[in-house]
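Student: Spelled out, the chains give:
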Amino acid sequence: MNEIPSMWRKELLHPLFVHFPIGLLIITALVGIAAILFRNKKYAGKLRFNFSLQLFLGIILFWITFYTGQIAYGVEVRKICDPTVLKDHLYWAYVAGYIFSAGALIELVRLIWRKKIAFLLFLAVALSVGGALSLTYAGHLGARVVYQQAAGVYHPSPDCTEFE
Amino acid sequence: MKKTITMLSLLLITSLGFQSCKNGEGDASSSEIENTDIVPSGTYTGEAIKVDPEEQEVYLKTDDDKTLELYFTDQTKLSKDGETVAFNTLSEGQTLQVEVEKKGKRLDPISVEIVE
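Protein chains in written order, with the working numbering: chain G, 1 to 164; chain P, 1 to 116.
Simulated from the structure, these hints should not be mistaken for laboratory data. It is possible that some hints are incorrect.
To be verified - When the alpha-carbon atoms are kept at most 25 Å apart in a straight line, the in silico PhoX-like pairs for lysine-lysine are as follows:
{"hint": "1", "chain 1": "P", "residue 1": "K66", "chain 2": "P", "residue 2": "K105"}
{"hint": "2", "chain 1": "G", "residue 1": "K41", "chain 2": "G", "residue 2": "K115"}
{"hint": "3", "chain 1": "P", "residue 1": "K61", "chain 2": "G", "residue 2": "K79"}
{"hint": "4", "chain 1": "P", "residue 1": "K50", "chain 2": "G", "residue 2": "K116"}
{"hint": "5", "chain 1": "P", "residue 1": "K105", "chain 2": "G", "residue 2": "K87"}
{"hint": "6", "chain 1": "P", "residue 1": "K50", "chain 2": "P", "residue 2": "K77"}
{"hint": "7", "chain 1": "P", "residue 1": "K80", "chain 2": "P", "residue 2": "K61"}
{"hint": "8", "chain 1": "P", "residue 1": "K103", "chain 2": "P", "residue 2": "K66"}
{"hint": "9", "chain 1": "P", "residue 1": "K61", "chain 2": "P", "residue 2": "K102"}
{"hint": "10", "chain 1": "G", "residue 1": "K79", "chain 2": "P", "residue 2": "K103"}
{"hint": "11", "chain 1": "P", "residue 1": "K66", "chain 2": "P", "residue 2": "K77"}
{"hint": "12", "chain 1": "P", "residue 1": "K102", "chain 2": "P", "residue 2": "K80"}
{"hint": "13", "chain 1": "P", "residue 1": "K105", "chain 2": "G", "residue 2": "K42"}
{"hint": "14", "chain 1": "G", "residue 1": "K41", "chain 2": "G", "residue 2": "K87"}
{"hint": "15", "chain 1": "P", "residue 1": "K61", "chain 2": "P", "residue 2": "K50"}
{"hint": "16", "chain 1": "G", "residue 1": "K10", "chain 2": "G", "residue 2": "K115"}
{"hint": "17", "chain 1": "P", "residue 1": "K103", "chain 2": "G", "residue 2": "K87"}
{"hint": "18", "chain 1": "G", "residue 1": "K116", "chain 2": "P", "residue 2": "K61"}
{"hint": "19", "chain 1": "G", "residue 1": "K115", "chain 2": "G", "residue 2": "K46"}
{"hint": "20", "chain 1": "P", "residue 1": "K80", "chain 2": "P", "residue 2": "K50"}
{"hint": "21", "chain 1": "P", "residue 1": "K103", "chain 2": "P", "residue 2": "K77"}
{"hint": "22", "chain 1": "G", "residue 1": "K42", "chain 2": "G", "residue 2": "K115"}
{"hint": "23", "chain 1": "P", "residue 1": "K80", "chain 2": "G", "residue 2": "K87"}
{"hint": "24", "chain 1": "G", "residue 1": "K10", "chain 2": "G", "residue 2": "K79"}
{"hint": "25", "chain 1": "P", "residue 1": "K50", "chain 2": "G", "residue 2": "K87"}
{"hint": "26", "chain 1": "P", "residue 1": "K105", "chain 2": "P", "residue 2": "K77"}
{"hint": "27", "chain 1": "G", "residue 1": "K41", "chain 2": "P", "residue 2": "K103"}
{"hint": "28", "chain 1": "G", "residue 1": "K115", "chain 2": "P", "residue 2": "K103"}
{"hint": "29", "chain 1": "P", "residue 1": "K66", "chain 2": "P", "residue 2": "K102"}
{"hint": "30", "chain 1": "P", "residue 1": "K50", "chain 2": "G", "residue 2": "K42"}
{"hint": "31", "chain 1": "P", "residue 1": "K102", "chain 2": "P", "residue 2": "K77"}
{"hint": "32", "chain 1": "P", "residue 1": "K61", "chain 2": "P", "residue 2": "K105"}
{"hint": "33", "chain 1": "P", "residue 1": "K50", "chain 2": "G", "residue 2": "K79"}
What the hints assert, rightly or not - Not everything, but these chain G residues come out facing chain P in the computed CB check (under 7 Å):
{"hint": "34", "residue": "N2"}
{"hint": "35", "residue": "P5"}
{"hint": "36", "residue": "W8"}
{"hint": "37", "residue": "V75"}
{"hint": "38", "residue": "D82"}
{"hint": "39", "residue": "P83"}
{"hint": "40", "residue": "R114"}
Note that the structure is predicted; figures quoted are calculated from it, not measured. Cβ coordinates follow ideal geometry from the N, Cα and C atoms, glycine included.
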């Protein structure tokens with residue numbers, strides 16, 4: 001009889017973390033667009049604050065997730081049928097990470113400088129949008145690795161006896 | 001507000017620094033060779049152009065100018081002069097003869113012989 005594998009496998013740390021930066025950073029880009037579109041409204045400051053907070057929190061969680069992804073990479077690259085998809089997933093995650101990090105640094109400069117330079121906000125938002133697009137594609141490739149190649153997924157026996 | 005910004009800056013720099021350190025170790029995937037080839041199952045001879053002990057990974061430049069990316073598994077037999085040897089015996093520049101099995105777009109090294 002097969003034994004059900006533990007959920008405390010190192011390759012499963014990645015799916016534990018991965019959804020936080022995806023959610024946070026994609027919404028960051030949307031909030032950033034809203035902060036620009038509604039910059040003359042009285043709640044514009046709240047949108048900018050929200051943009052900064054989500055961007056910083058998102059990028060920290062992103063790099064933690066990236067680290068767990070590298071751990072999972074070493075395990076799954078030996079199991080899946082098409083490692084080229086996993087390589088592309090890693091590449092686009094890199095791209096997204098560096099674009100968002102550049103955006104976060106610009107946002108940091110904007111906050112520390114404390115001058116109302118609209119260009120810096122535009123630039124940080126533009127980078128967030130670029131990062132979100134890259135992240136979405138990286139997420140799509142990650143989904144392909146899981147749902148087409150069953151990375152990290154246990155295949156139960158046909159009669160499911162190990163679950164009885 | 002200043003305290004918040006300082007704290008966020010520290011967290012951000014820490015995380016980026018953490019990542020940089022990781023890359024500096026030459027770990028995994030960060031230093032992958034991008035263009036590798038997929039070949040049919042068989043035996044190939046070539047030069048080890050990159051050896052990654054942490055990932056137990058070898059890049060082999062074959063005699064017909066193909067680059068094979070080989071991740072060692074528990075089943076991979078590594079030998080030299082007919083004796084089984086540890087992965088750390090491998091180094092860049094060595095000539096290797098490898099028997100690989102193609103599974104999908106993955107190449108599993110069955111056996112690796114250090115020729116010289």
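Student: With reference to the structure, classify each hint as holding or not holding.
Tutor: Hint by hint, here is what the structure shows:
1. K66/P to K105/P: holds, 15 Å
2. K41/G to K115/G: holds, 19 Å
3. K61/P to K79/G: holds, 23 Å
4. K50/P to K116/G: Roughly 50 Å between the alpha carbons, so the hint for K50/P and K116/G is violated.
5. K105/P to K87/G: holds, 12 Å
6. K50/P to K77/P: holds, 19 Å
7. K80/P to K61/P: holds, 19 Å
8. K103/P to K66/P: holds, 18 Å
9. K61/P to K102/P: holds, 17 Å
10. K79/G to K103/P: holds, 10 Å
11. K66/P to K77/P: holds, 22 Å
12. K102/P to K80/P: holds, 23 Å
13. K105/P to K42/G: violated, 56 Å
14. K41/G to K87/G: violated, 44 Å
15. K61/P to K50/P: holds, 9 Å
16. K10/G to K115/G: violated, 45 Å
17. K103/P to K87/G: With Cα atoms ~17 Å apart, K103/P and K87/G stay inside 25 Å; holds.
18. K116/G to K61/P: Since the Cα atoms of K116/G and K61/P sit roughly 55 Å apart, the hinted pair is violated (cutoff 25 Å).
19. K115/G to K46/G: holds, 17 Å
20. K80/P to K50/P: Holds, at about 18 Å.
21. K103/P to K77/P: holds, 18 Å
22. K42/G to K115/G: Within the cut-off at roughly 18 Å; holds.
23. K80/P to K87/G: violated, 31 Å
24. K10/G to K79/G: holds, 15 Å
25. K50/P to K87/G: holds, 17 Å
26. K105/P to K77/P: Holds, at roughly 21 Å.
27. K41/G to K103/P: violated, 59 Å
28. K115/G to K103/P: violated, 58 Å
29. K66/P to K102/P: holds, 15 Å
30. K50/P to K42/G: violated, 58 Å
31. K102/P to K77/P: Between K102/P and K77/P the Cα gap is close to 16 Å, so the pair holds against 25 Å.
32. K61/P to K105/P: Roughly 18 Å separates the two Cα atoms, so the pair holds.
33. K50/P to K79/G: Given pair K50/P, K79/G holds - Cα atoms ~21 Å apart, limit 25 Å.
34. N2: Because about 19 Å separates N2/G from the closest Cβ in chain P, which is outside the 7 Å limit, the hint is violated.
35. P5: Violated, about 16 Å.
36. W8: violated, 20 Å
37. V75: violated, 10 Å
38. D82: holds, 4 Å
39. P83: holds, 5 Å
40. R114: Because about 9 Å separates R114/G from the closest Cβ in chain P, which is outside the 7 Å limit, the hint is violated.
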